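> Heads up: the protein sequence lines correspond to chains C and D, in order.
Residues 1 to 471 (full-length UniProt numbering) make up the first sequence, in order.
Residues 1 to 471 (full-length UniProt numbering) make up the second sequence, in order.
Please note that the accuracy of each hint is not assured.
Pairs involving identical chains hold if they fit within one copy or between any two copies, as the list cannot separate such chains.
[Stated by the list, open to error] In silico lysine-lysine, DSS-like type, Cα no more than 30 angstroms apart, as pairs: (1) 163 - 431; (2) 317 - 431; (3) 439 - 228; (4) 317 - 327; (5) 377 - 228.
Keep in mind that the hints were calculated from the coordinates and are not lab data.
If you're wondering where the values come from, they're calculated on a predicted model, not measured in any experiment.
Number of protein chains: 2
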Amino acid sequence: MKGQKKASRKDSKTNGYLTPKFSLSKMATLLSVFSVRNLLVLSLALNVSLILRVMLLHDSQNGSFNGFFFEEQNGPQEEAHASKRRRLSSSVSSSSSSSSSLTMAQGDEDRVINLDHGDPTMYESYWQKMGDETTILIPGWQFMSYFSDATNLCWFLEPEFAKQIVRLHKVVGNAVTENRYIVVGTGSTQLFQAALYALSPTTEADPISVVSAAPYYSSYPVITDCLKSRLYEWAGDARSFSKNGPYIEIVTSPNNPDGYARHSVVNSRDGTLIHDLAYYWPQYTPISSPANYDLMLFTVSKSTGHAGMRIGWALVKDEDVARKMTKYIELNTIGVSKDSQLRAAVVLKVISNSCERPNEVDSFFEFSYHHMAKRWKQLRQAVHQSGLFSVPDFPPQLCKFLNRVFEPQPAFAWLKCEGEIEDCESFLRSKRILTRGGKHFGVSPKYVRISMLDRDKNYDTFIERMSMIRA
Amino acid sequence: MKGQKKASRKDSKTNGYLTPKFSLSKMATLLSVFSVRNLLVLSLALNVSLILRVMLLHDSQNGSFNGFFFEEQNGPQEEAHASKRRRLSSSVSSSSSSSSSLTMAQGDEDRVINLDHGDPTMYESYWQKMGDETTILIPGWQFMSYFSDATNLCWFLEPEFAKQIVRLHKVVGNAVTENRYIVVGTGSTQLFQAALYALSPTTEADPISVVSAAPYYSSYPVITDCLKSRLYEWAGDARSFSKNGPYIEIVTSPNNPDGYARHSVVNSRDGTLIHDLAYYWPQYTPISSPANYDLMLFTVSKSTGHAGMRIGWALVKDEDVARKMTKYIELNTIGVSKDSQLRAAVVLKVISNSCERPNEVDSFFEFSYHHMAKRWKQLRQAVHQSGLFSVPDFPPQLCKFLNRVFEPQPAFAWLKCEGEIEDCESFLRSKRILTRGGKHFGVSPKYVRISMLDRDKNYDTFIERMSMIRA
Chain C
1 MKGQKKASRK DSKTNGYLTP KFSLSKMATL LSVFSVRNLL VLSLALNVSL
51 ILRVMLLHDS QNGSFNGFFF EEQNGPQEEA HASKRRRLSS SVSSSSSSSS
101 SLTMAQGDED RVINLDHGDP TMYESYWQKM GDETTILIPG WQFMSYFSDA
151 TNLCWFLEPE FAKQIVRLHK VVGNAVTENR YIVVGTGSTQ LFQAALYALS
201 PTTEADPISV VSAAPYYSSY PVITDCLKSR LYEWAGDARS FSKNGPYIEI
251 VTSPNNPDGY ARHSVVNSRD GTLIHDLAYY WPQYTPISSP ANYDLMLFTV
301 SKSTGHAGMR IGWALVKDED VARKMTKYIE LNTIGVSKDS QLRAAVVLKV
351 ISNSCERPNE VDSFFEFSYH HMAKRWKQLR QAVHQSGLFS VPDFPPQLCK
401 FLNRVFEPQP AFAWLKCEGE IEDCESFLRS KRILTRGGKH FGVSPKYVRI
451 SMLDRDKNYD TFIERMSMIR A
Chain D
1 MKGQKKASRK DSKTNGYLTP KFSLSKMATL LSVFSVRNLL VLSLALNVSL
51 ILRVMLLHDS QNGSFNGFFF EEQNGPQEEA HASKRRRLSS SVSSSSSSSS
101 SLTMAQGDED RVINLDHGDP TMYESYWQKM GDETTILIPG WQFMSYFSDA
151 TNLCWFLEPE FAKQIVRLHK VVGNAVTENR YIVVGTGSTQ LFQAALYALS
201 PTTEADPISV VSAAPYYSSY PVITDCLKSR LYEWAGDARS FSKNGPYIEI
251 VTSPNNPDGY ARHSVVNSRD GTLIHDLAYY WPQYTPISSP ANYDLMLFTV
301 SKSTGHAGMR IGWALVKDED VARKMTKYIE LNTIGVSKDS QLRAAVVLKV
351 ISNSCERPNE VDSFFEFSYH HMAKRWKQLR QAVHQSGLFS VPDFPPQLCK
401 FLNRVFEPQP AFAWLKCEGE IEDCESFLRS KRILTRGGKH FGVSPKYVRI
451 SMLDRDKNYD TFIERMSMIR A
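With these hints in hand, go ahead and build the complete structure from the sequences.
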């Protein structure tokens, strides 16, 4: 091959981050001797080890590689990056970032703990332990076209990703996939907008009302109204909605922010439902039966922890709705990153494998279930000690997937400041804990939403601080 | 490391596409003997060869791997996939898909050639020739967070991608990057909407008018009006725009569909400009000077050919506008795929390298310039022979990057049916050539837009058919 000859003319030094140079042709004679699959195993093993070492070399030589290195500041946003830097270091040393022992570093007491966003970095430690399992390699000439499968209604959906979605739902038993169209989105946020677009009547003079029972996900009103669409508009708390005519109700179950299982509350024949099931996974809540709704949204961010991929999917019963959702994503972003879909497919596959062979590998959901259980136990203890706060209690239920009875352990803690404190967000900010106040969710500022998915170091510091607050 | 031990317990067989299993620890002893970088080169070389072979095995064994295999149909959309399948085969055999010799396969005369979309698959042959240069490897535990750089205004922009954007513009000399904010988007389509959001006044009662001189990109009106926003609305051809008050004018230069260099036409002090510079690259038009506008949009789809990545970027002078664009993307998709940004960074880096070391590697822009020049020569010849059509003529100009005087050779041919034919799109459809008719671009149906960026096989068939049409 011409390209191979070209490559062999060049020097054999890597020229930096993830862009190796080498000659394929020189390898050709080796291939006939060994099993192809075994060789692949060997060579990929070399890769990961070596790339980690090259990255480490790079770091120590340049000091500014890939933006991980910059002057550490004390601001809340900087914390994410300081942690990222620590994480990278730990991935090439023998220390594990998933250690849960509480060793407060010097100056740690001044550090701002940002639990406002639901950044699911808790999961990094699992994927680090899995090592190379989910490493993905994409050749530069592959997946260049806009199209993934032109025969599919959702023409930008990678077939391998679709396959792994169906498989994972079957393994976990949390959603019916039969007779459903799959629409992939740039996160479930884009799919929510695609659903609004698809479900809004085009013939009505007034925008259709979009409602959800309070406390509702703080982004719903902002996203719905950001472009002041004449197709749809935010109409607030579903419980106080009394307008006649068509409406869209978002049912988030388990609910963000409070973690409760939910059903629609308006119950009029004119309503269309969007079920946001981002948190209907066994680490958060018992899986009682496969969800079986007309329009269900899922996302890798909260199921596997890969928020940076920006990948979500919708399971849609009605062909016309699926077609319109696809149209919205075509207009909005001309499809969805192929690279992230391919990576998501690998991650979902590894999770399904881990569930089906629990004796060979740590099951992803066992790991994350136990992680969440431990965190909720710590939080309930700290809340009890303080005498100042409360968190919701949930009835225990049988999880048919884990075959275990347990209480929901949501991705967010919905904390209430009891007693005199009216503004819980401000109160916790004074303790250098950033949370999101109740008013963003349509309820009292006595409540805050706290992410339970941060890295151990941050979560442990958060628990330590909470434990020291007294009434 | 704990995870390494875990991995070594498992069998060493690969379990499918891009998800190898192996033990890192067994490799450890090897590492001290060889140069780390040399080993990396060796192991990555093995990878690519082996993965291709495993994929091939997979294909021949299963017949349904990864969606490349399905019953070939005669519809236009299916063609993309049939080509993809051919392409994959060619990447593991010695035949090159970039061959430009015209060998019409049996039944080829009935094949529908879809040149409606601007799918830039022409570039695949360059990236195939470059082989492993742009292969990217992403470990499963990396880039999981929503955040790329929390210290940056555009907090979801990968620093390495930002660095390569600045470098490439400096190498090519097609845009000023100094004192600009970079905002990354899910393609420039999302950035266009982010710009509308950022530039629309929130205090006005009426939506701001959005205009562009006809013929304008067919997606602008559809995207602008798809949600019936009260912030902005499509107001048609900029040349006939006479309303007082604020407006937004989109200046696409070189223009999609007709390829001409453009400047704003309304010229009122109340206007704000969006410069869509997707095609301001030396394969399409002479680079006369670095573009120096307030808001400039670029995309990898049309510069490097990686449409499937869905990655674009904006260079923005005003901090407040950049901040609002970032906010829109946060609301719309909570950032942009990290995986695709990392892959785009590698591709841009390889292009810059290819420009700076023209003696060592084929310069990307030399390759693509010559490819476009050849195609335009073929098209002009066919158009001349037919006596039925015309295409625009462009004045030659000096390209300071290629140091060569040439006529623009746009990514689309803006073809006019001369004489009696009123509906050029229908006429060409009867020849099994799909194009996009003039009415979508705000002008007469005597015009069509034809993609010049399809694979050689399709382009050659297109030219052959055009050559056979006679007045």
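> Next step is simple, just say for each hint if it's right about the structure.
Here is what the structure says about each hint:
1. 163 - 431: neither (47 angstroms within a copy, 37 angstroms between copies)
2. 317 - 431: The answer is neither: 47 angstroms in one copy and 38 angstroms across copies each exceed 30 angstroms.
3. 439 - 228: This pair counts as both: shortest intra-copy Cα distance 21 angstroms, inter-copy 29 angstroms.
4. 317 - 327: This pair counts as within: shortest intra-copy Cα distance 16 angstroms, inter-copy 32 angstroms.
5. 377 - 228: neither (43 angstroms within a copy, 48 angstroms between copies)
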